[in-house]
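Protein chains in written order, with our numbering: chain A, 1 to 382; chain B, 383 to 764; chain C, 765 to 1146; chain D, 1147 to 1528.
It should be emphasised that the hints constitute simulated quantities derived from the structure, not laboratory data. In this text, a Cβ means the ideal position worked out from N, Cα and C, and glycines have one as well. One should not assume that every hint holds.
Here are the simulated lysine-lysine pairs, DSBU-like style, with alpha carbons at most 35 Å apart [claimed, not checked]: (1) K241/A <-> K290/A; (2) K581/B <-> K963/C; (3) K1154/D <-> K1485/D; (4) K382/A <-> K1322/D; (5) K1005/C <-> K1054/C; (6) K404/B <-> K8/A; (7) K241/A <-> K1387/D; (8) K710/B <-> K1054/C; (9) K1345/D <-> K328/A; (10) K1485/D <-> K176/A; (11) K176/A <-> K1154/D; (12) K581/B <-> K9/A; (13) K1387/D <-> K328/A; (14) K721/B <-> K1146/C; (15) K328/A <-> K1485/D; (16) K328/A <-> K1437/D; (17) K339/A <-> K1168/D; (18) K1092/C <-> K721/B; (19) K176/A <-> K199/A; (20) K1474/D <-> K339/A; (21) K391/B <-> K721/B; (22) K1168/D <-> K772/C; (23) K673/B <-> K963/C; (24) K8/A <-> K22/A; (25) K764/B <-> K558/B; (26) K710/B <-> K940/C.
A few chain A residues facing chain D, derived, Cβ under 10 Å [what the hints assert, rightly or not]: (27) L233; (28) R293; (29) G325; (30) G338; (31) M345.
Covered by chain A, according to a simulated footprint, are these stretches of chain B (three or more residues, beta-carbon under 8 Å) [what the hints assert, rightly or not]: (32) 395-407; (33) 438-452; (34) 475-487; (35) 683-695.
4 protein chains.
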Amino acid sequence: MQLVNEYKKVRDRSIHICRPLKTEDYVVQPVVDVSPPKWHLGHTTWFFETFLLSPHCPGYEVFDAEYNYVFNSYYESVGARVIRTHRGNLSRPAVEDIFRYREYVDEAMLGWLNQDLSLELQQLVVLGLNHEEQHQELLYTDIKYILGHNPLFPAYGPFEQPAVAPAAHSGFIPVKAGIYEIGHAGDGFCFDNEQSRHKVYLQDYAISAAQVTNAEYLQFIEDGGYTDFRHWLAEGWDWVKSNHVTAPLYWHNINGEWFCYTWQGLQPLQLHEPVAHISYYEANAYAAWKKMRLPTEFEWEAAARQFNWGRRWEWTESAYLPYPGFSKAPGAIGEYNGKFMVSQMVLRGASDVTPPNHSRITYRNFFQPNLRWQFTGIRLAK
Amino acid sequence: MQLVNEYKKVRDRSIHICRPLKTEDYVVQPVVDVSPPKWHLGHTTWFFETFLLSPHCPGYEVFDAEYNYVFNSYYESVGARVIRTHRGNLSRPAVEDIFRYREYVDEAMLGWLNQDLSLELQQLVVLGLNHEEQHQELLYTDIKYILGHNPLFPAYGPFEQPAVAPAAHSGFIPVKAGIYEIGHAGDGFCFDNEQSRHKVYLQDYAISAAQVTNAEYLQFIEDGGYTDFRHWLAEGWDWVKSNHVTAPLYWHNINGEWFCYTWQGLQPLQLHEPVAHISYYEANAYAAWKKMRLPTEFEWEAAARQFNWGRRWEWTESAYLPYPGFSKAPGAIGEYNGKFMVSQMVLRGASDVTPPNHSRITYRNFFQPNLRWQFTGIRLAK
Amino acid sequence: MQLVNEYKKVRDRSIHICRPLKTEDYVVQPVVDVSPPKWHLGHTTWFFETFLLSPHCPGYEVFDAEYNYVFNSYYESVGARVIRTHRGNLSRPAVEDIFRYREYVDEAMLGWLNQDLSLELQQLVVLGLNHEEQHQELLYTDIKYILGHNPLFPAYGPFEQPAVAPAAHSGFIPVKAGIYEIGHAGDGFCFDNEQSRHKVYLQDYAISAAQVTNAEYLQFIEDGGYTDFRHWLAEGWDWVKSNHVTAPLYWHNINGEWFCYTWQGLQPLQLHEPVAHISYYEANAYAAWKKMRLPTEFEWEAAARQFNWGRRWEWTESAYLPYPGFSKAPGAIGEYNGKFMVSQMVLRGASDVTPPNHSRITYRNFFQPNLRWQFTGIRLAK
Amino acid sequence: MQLVNEYKKVRDRSIHICRPLKTEDYVVQPVVDVSPPKWHLGHTTWFFETFLLSPHCPGYEVFDAEYNYVFNSYYESVGARVIRTHRGNLSRPAVEDIFRYREYVDEAMLGWLNQDLSLELQQLVVLGLNHEEQHQELLYTDIKYILGHNPLFPAYGPFEQPAVAPAAHSGFIPVKAGIYEIGHAGDGFCFDNEQSRHKVYLQDYAISAAQVTNAEYLQFIEDGGYTDFRHWLAEGWDWVKSNHVTAPLYWHNINGEWFCYTWQGLQPLQLHEPVAHISYYEANAYAAWKKMRLPTEFEWEAAARQFNWGRRWEWTESAYLPYPGFSKAPGAIGEYNGKFMVSQMVLRGASDVTPPNHSRITYRNFFQPNLRWQFTGIRLAK
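Between the sequences and the hints, there should be enough to build the whole structure, so can you do that?
As structure tokens, then:
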């Protein structure tokens, strides 16, 4: 029963996120990393149809056999996938068809969930809901990208920021050298990449209680941070130069004043807000300019109970790699996380658009170091 | 009064063409040469607003000042243009906004057209209508591309093919060497590239009364035409190899049978129809394989009253270059045609989707030799 | 006997051109259109081996069977070719090996030429010599590119400019409308693209007796010619912007003064010299700025006895297309010219680096409109 | 005095490596990661001139002021650099000029080294020599690439493989969980990235005493390893498909038999040799296929005294990141290693072409995961 309620809540939330959109906003894909909102709505539905209803619900008939081709993402096991770059060319299935697809699958799921399910199947449903929550975060960031790169700068509309507990500390929090336990423990849900829980040895370090703010980041810009190669990784410096980067994504300098595209359209930059939409290269360069560094993901996790977090995903100095004892689940579900473990950096925390209770202290997010369309920020270490 | 009626008729026809579309179909741009239908609707409207209402209708206020940025195409004189590749990323203005834009401009135009207009202004209106008719043709071909490259192969719906007069001849029509007059004469509308009328000397030649059919083109394919470099221009052979071309656009070989995407979705190939959707390279290679050649645009024009045409734009062996005495109009209107006079080949005739009475014997269409999304075909000469 | 002497003279001249080079200069290929000098030396030799010695000289053994793979250029009939972009990666065969290859083939050729040869074979030898002369011109322009794009700007050394007859006219030469004969006549050698000789009708026109000079072109630059889109073809304007073009190739503005890379290294710009190393786009834009145009290749040919030419290849307003009655020779030789008849513009005349007596009034050179590394210039018409 | 001898020995060895080359081989750059041999000879010399002679040897005059532009590599502090892709276009300075440059600098260095130098300067000389040794390794691998990608497959000539101590173990060596010290200790030379020495906690693991052989890798190929996405990282699978990879670099399947390009030209594959020239993606996929994994760099270092190594650089599962306490030296020397600490994987060990005594147990090499032209191999862990 709890699973039924959870299912309804999560599925409704995806629709809720899209409510302010016009039909046209569901369709476009301005860059390869952004997916059209209608694709997210279809893909998360396809997950339940493909991994739960088709194999485990007797008599279930797929809504449309061709949707597997359209809404499969990276699951090579399950069939040919649409090349990601092409998603923005597909005007069909229409948005209304995808809403009907959702209703069809939801009806079948709600019927099926009322039975006694094995623990394994229950876990697969929970995985599907966590998967949808990940896509809810992407829905927000992709919608922001689509609207924020339109020359008319349309507003998304009201957006309620999550409540974040006040900081318990200020300044830098010292942490003693020693052995720490890292990774997920206990019975609750976690992704495969959070396991197995294992020991790491950390040296003495200190980690900032607060995230870097727009005001602080502006000092970096005004000090010529984007024009002095000495702060930058070589790859980052190439990125700055070939993309003519001079500020975080969504910042616009109009007649000498800084504006920022927000859910309410173009607005004056809020100086006290934590900086967002920066690449790993920028986070790393900012830290170098401050003569500090970013924390590793282990340092972050070991200290995370002592500072408040949850408004920005925070770049760490750790590459995304398997934990000791990591193993992939068999079959298509096993493709979930492990196959991305190269050339990406770990982010820790959560952001303004992370679904409530979706993240946790052991949660590992990961992106290529050049990407900025997530609500990425900086916490310093030394 | 006639201009008012003509204005209404042409403007309505653009809407009519789009009637079978879903909102999503108006938005996408699968390749750079195809524009989103909503862009065509906005751009043709922008033409009337920018070149007629704003400068010549006292008191007219533009619908939205930002639309100039969105709907300008190649008119460098009038302001910054949206890079063509990016049109498919723009979800706003929404389709309904563009329809309101059309209504707003149409109302202003119809009021303004009721006055006594100078001949020059009348001619500019006629140019705007011919411009819109050109975009109507593109609307059709772009819609076909959008739907025909969707993995669901949705049908457009009913489509009435134009009536074409029966052929006066069959076989090859001989034409005697001598001096011929080429280019537009008389008072009717023509584009600047059809002038000035001038003499050319043609050698003896013969031109086919009929266009090449799908059945004939299939023989070329079955004879290995796409795998024998000797039939091809060097640039065409590179194009075949890098794009793995093996048949005209929209042809699909499914289990050994040829199908073709049409207005009614995927259908068995109609063998008696004239071949369509081929590049200049393919037209040239087919002619070489037949040990013939394509006609020049002058040969075509000198003989065009003796054969029927109007269902396929026909590739000629002529590059798109100015006629003797060609001169550009001053100002932005002067950018209309002359600036494209390099690296393109001339097409003559008209196609299934050319607006009625839009084309004429002196009409010159032109495209890069690799493009295939128009209804392009072949007429042979020798 | 005359053929033997001619053979020796042409073959020696290729070596003579390369004499000032260091071994390293023979190897590199800075851009795709430039070939390494050692490749030219090998390829021209391969022509004689492949088309004359191997099929027609009994007992001849090829120097190295693998050279066909390395030195074939565009002759698809004769085997797989090295992709042109990769020529600059090949350090072997070494330069000394290629010189031995030339000696080996020359010895065999000279023995074979002493026999009674059929007229057809004699013509094929002449074609091989004209082919080598074309590559001599490319040798010069490729060497200039290689040295002129080296940051040390090394000099090539002494270079004797061809004597050009003094102009018979000045100002613009008027030509009357009428029928003119175009194309090669008589017994002398010509390329297939110069035939067949045919009539064209030309309207009244006037053509400049002199070529545009550096001084005149500088006025175009100083008048903002490279920053005003109105002078440019759309494709040319894109080319200017994406390549940040602001002057002809080899021009360098150093502290406000114009320098030009020449055979003697970087030198102050010679104002009275005809402008060189410009693209068709630049030639066309210059003419538009002067409110004139470029001549067609027919206008050029009809008037060419009345002005002096020979120092710059002159861009014409004609696309490179077949003459009436053009036919390809059978076999690999037939690939010589016809396969390039799309997307190129015709140049007429000759240049500082054209071998003596190689060009003629009916000679047709051709390049893509963006290329500048030949000694290309401008003659105006109106 | 020891430094003088060491200087002579290292500098001579670079010349020795190049002795079998023809002048042409010094010039080319077939891919961006490979530098022309003459560039390596110049760049290593430029290091001594720029960082030692110019600032620290009174009265020293640079050999040629323009060489800084040509031979600077990544040192942004010291001036504009030649874009790496363009090195293969530079025929000048000629090889003989670079040899003269080396002699000129060597003479100055040997004079200067005879003085009493501060410890800091001595360390900078040692850094310069270790830098040159790194380029000696690249010289070998770049030469192999240049010759091995020539269609004539020329041999390099005799090559003496390094003696490697016989294995102390066979099978898998078990290592107990616990805290291990990682990083360089003691007075000897090390690179900045090997410091500071620090504790890590390792779980129980076992590491293979032997490297994977060609015979073992062949089983992976024959089992369809390159066609089953399940073994591959997503990025690796994209790499396989877009590059059509089916075997290690330099492997050629000729009529069903495997050959391998070696220092002696194309030779039958030696089955007992350790596999070489594979990407990280391939190493990772092979390990996944064996249901094992690659060791981390810490596991490797903690066990390295128990197995023999030195013939292949071994890919580890560690990304290249700074050690705790890592700090960059001030000035241009500080750009040495730290700026590459993103998007690269760590290699441990040494290879056939590593200079004697150049590597050590704490040495960290690093490359992008797709690169294969180094002598990279596989050691398994579990």
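Do the hints match the structure? See the list:
Our distance criterion of 35 Å between C-alpha atoms is met by K241/A and K290/A, whose separation comes to about 21 Å. Our distance criterion of 35 Å between C-alpha atoms is met by K581/B and K963/C, whose separation comes to about 12 Å. Note on K1154/D and K1485/D: the hinted pairing holds, with a Cα-Cα distance of about 30 Å set against a maximum of 35 Å. For a cut-off of 35 Å, the pair hint linking K382/A to K1322/D stands: about 31 Å separates their Cα positions.
At most 35 Å may separate the alpha-carbon atoms for a hinted pair to count; K1005/C and K1054/C meet this at roughly 22 Å. Taking the CA atoms of K404/B and K8/A, the gap is about 29 Å. The hint holds against a cut of 35 Å. Our distance criterion of 35 Å between C-alpha atoms is met by K241/A and K1387/D, whose separation comes to about 30 Å. In summary, the hint linking K710/B to K1054/C is supported, as the alpha carbons are separated by about 14 Å, within the 35 Å threshold.
The hinted pair formed by K1345/D and K328/A meets the criterion: a straight-line CA distance of about 29 Å does not exceed 35 Å. A C-alpha spacing of about 28 Å is found between K1485/D and K176/A, which places the hinted pair at or below 35 Å, so the restraint holds. Proximity of K176/A to K1154/D is assessed by CA-CA distance (about 49 Å); at most 35 Å being required, the pair is judged violated. Of the pairs offered as hints, the one joining K581/B and K9/A is violated, with about 77 Å between alpha carbons and a cut-off of 35 Å exceeded.
Between the alpha carbons of K1387/D and K328/A the distance comes to roughly 23 Å, so the proposed pair stays at or under 35 Å and holds. Of the supplied pair hints, the one linking K721/B and K1146/C holds, its CA atoms being roughly 18 Å apart against a limit of 35 Å. For the hint linking K328/A to K1485/D, the alpha-carbon distance of about 33 Å falls within 35 Å, and the restraint holds. Between K328/A and K1437/D the alpha-carbon distance is near 11 Å, which keeps this suggested pair within the 35 Å criterion.
Among the hinted pairs, K339/A with K1168/D is inconsistent with the structure: their alpha-carbon atoms are about 45 Å apart, more than 35 Å. In summary, the hint linking K1092/C to K721/B is supported, as the alpha carbons are separated by about 33 Å, within the 35 Å threshold. Between K176/A and K199/A the alpha-carbon distance is near 15 Å, which keeps this suggested pair within the 35 Å criterion. As the CA atoms of K1474/D and K339/A are separated by approximately 33 Å, the hinted pair is consistent with the 35 Å bound.
For the suggested pair K391/B and K721/B, the alpha carbons sit about 30 Å apart, so the restraint of at most 35 Å is met. Restraint check: the Cα-Cα separation between K1168/D and K772/C comes to about 29 Å, which is no more than 35 Å; the hinted pair holds. The suggested pairing of K673/B with K963/C holds, with an alpha-carbon distance near 23 Å, which does not exceed 35 Å. Proximity of K8/A to K22/A is assessed by CA-CA distance (about 24 Å); at most 35 Å being required, the pair is judged to hold.
Our distance criterion of 35 Å between C-alpha atoms is met by K764/B and K558/B, whose separation comes to about 13 Å. For the suggested pair K710/B and K940/C, the alpha carbons sit about 24 Å apart, so the restraint of at most 35 Å is met. Given the 10 Å rule on beta carbons, the hint for L233/A holds: about 5 Å separates it from the nearest Cβ of chain D. Taking 10 Å as the C-beta cut-off, the interface hint given for R293/A holds, the closest approach to chain D being about 8 Å.
A cut of 10 Å between beta carbons decides the hint on G325/A: the least distance to chain D is about 7 Å, and the hint holds. Using the Cβ-Cβ criterion of 10 Å, the hint placing G338/A at the interface with chain D is satisfied: the shortest such distance is roughly 8 Å. Annotation: interface hint on M345/A holds; nearest CB of chain D at approximately 8 Å, less than 10 Å. Coverage of a stretch by a chain is defined here by at least three residues with a beta carbon nearer than 8 Å to that chain's beta carbons; for the segment 395-407 of chain B and chain A the count is 4, and the condition holds.
Counting residues of the segment 438-452 of chain B whose C-beta sits closer than 8 Å to any C-beta of chain A gives 3, which meets the bar of three, so the coverage hint holds. Requiring three or more residues with a Cβ within less than 8 Å of a Cβ of chain A, the coverage given for the segment 475-487 of chain B holds, as 3 such residues are present. Residues of the segment 683-695 of chain B with a Cβ under 8 Å from some Cβ of chain A number 0, which does not satisfy the need for three, so the listed coverage is violated.
The structure shown violates the earlier hints numbered 11, 12, 17 and 35.
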